[in-house]
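Q: Here's the letter readout for the chains.
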Amino acid sequence: DTAVSQTPKYLVTQMGNDKSIKCEQNLGHDTMYWYKQDSKKFLKIMFSYNNKELIINETVPNRFSPKSPDKAHLNLHINSLELGDSAVYFCASSQPSRSSSYNSPLHFGNGTRLTVT
Amino acid sequence: RKEVEQDPGPFNVPEGATVAFNCTYSNSASQSFFWYRQDCRKEPKLLMSVYSSGNEDGRFTAQLNRASQYISLLIRDSKLSDSATYLCVVGLYSGAGSYQLTFGKGTKLSVIP
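Protein chains in written order, with the numbering used here: chain D, 1 to 117; chain W, 1001 to 1113.
Same shape as in the complex, but just chain W (with noise of 0.2 angstroms):
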């Protein structure tokens, strides 16, 4: 089982979609969660972090379940410039100094007029 796993995408939807992404990952001693957006030929940008209780930004909702080890994101009313390839990012802290942050594949979104 691969250490986070995504939708593998890409999504092709109309401008005011709601689309969801779902990622799961395979270590569950994970403690951060993240979902990063990538635009084409540049860096990865943080989006949001992922909260036990869930955690809404505008128009995106992150949830986050534990005991399925499995994490969402939901974008609503999508505009065209949501159109991005999304990853979802799991953090572990394995003490003295060592964070690792792993990332999925990322799913490929675009917002068609």
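Looking at chain D on its own, in the form it has when it is part of the complex (with noise of 0.2 angstroms):
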């Protein structure tokens, strides 16, 4: 039962390879996300999806191509892969509310460390 699952948990592969990472929750939330954690330790966003609709977009190099199918499934492609993509992308979603009184916290996946040689 788990709620944010993402796979696979670890990936190690070369320089230029294409590779996906899939996430799906069970949660019902209508928004999900996408995170990297670099060597710092540092979370920063990547994408957002709202009920399959991209809604937030940060400065990330178009090799990385978010696709949602449908809005308990956030998916990660990443083409041409460097040696500086290697990091933990965590997925997460969420409940946003336009009442600010309500705090809609992430619930994440348990990431997938991706290794580029």
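Treat each hint with caution, since some may be false.
As the list claims (entries may be wrong) - According to the in silico footprint, chain D covers these stretches of chain W (three or more CB under 8 angstroms from chain D):
| no. | stretch |
| --- | --- |
| 1 | 1015-1022 |
| 2 | 1082-1094 |
Stated by the list, open to error - A partial selection of chain W residues facing chain D, derived with a Cβ cut-off under 7 angstroms:
| no. | residue |
| --- | --- |
| 3 | G1009 |
| 4 | F1034 |
| 5 | E1043 |
| 6 | M1048 |
| 7 | S1098 |
| 8 | Y1099 |
| 9 | Q1100 |
Since the hints were made in silico from the structure, they are not lab data.
Given the structure is predicted, the values throughout are model-derived calculations rather than measurements.
Quick reminder that beta carbons are idealized off the backbone N, C-alpha and C, glycines included.
Two chains, two frames, some hints: make the complex.
A: Put into structure tokens, the structure is as follows:
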């Protein structure tokens, strides 16, 4: 009954390859995210989707392409992998509300540790 | 000024000590505030939400000062199991489903026997 699950947990690949990371949430949330945590442990948002629609697209190389087939899934495809892409990628979901009094925390998947060699 | 700034740490404290973490945020329109905990090589997990009036959960007390744009977390009677990185998180709903949470860099806590 995992709330946010992402696969694979570990991904080791060579430079120039294309890879995908999958994410699914069973919380019924409308919004899903991809975060990147680099070697300095800084968590930075990459993308946010609300009901399959791209909402937030931070400054990320266009080699990274998210895809949301439905609101429970948000996959991340990475083309032409580079050494600098090595990091832990976290998928997350939340249920935002227009009410400012409602706190909507993030629920994270357990991360995908990507190593590019 | 960074969007969410925290004490750099690391904090090394003996068991039983009281430790306080501070955090400041730059966007005065921010609406939601949280403390997350991240263990080594694990995903961040929600520790507690932070409410305007301040709130307590067992040994943990969180406070928010909107005027100063300042958030704090107090841990009393530290346990070895409290050793982790504590992340200050600030959320902003900007309409059309756009809800963004911004993370601080985290403060590492090591509780020593």
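Q: All hints, please: hold or fail.
A: Cross-check of the supplied hints:
no., hint, verdict
1, 1015-1022, "violated (count 0)"
2, 1082-1094, "holds (count 5)"
3, G1009, "violated (11 angstroms)"
4, F1034, "holds (6 angstroms)"
5, E1043, "holds (4 angstroms)"
6, M1048, "violated (9 angstroms)"
7, S1098, "holds (5 angstroms)"
8, Y1099, "holds (3 angstroms)"
9, Q1100, "holds (6 angstroms)"
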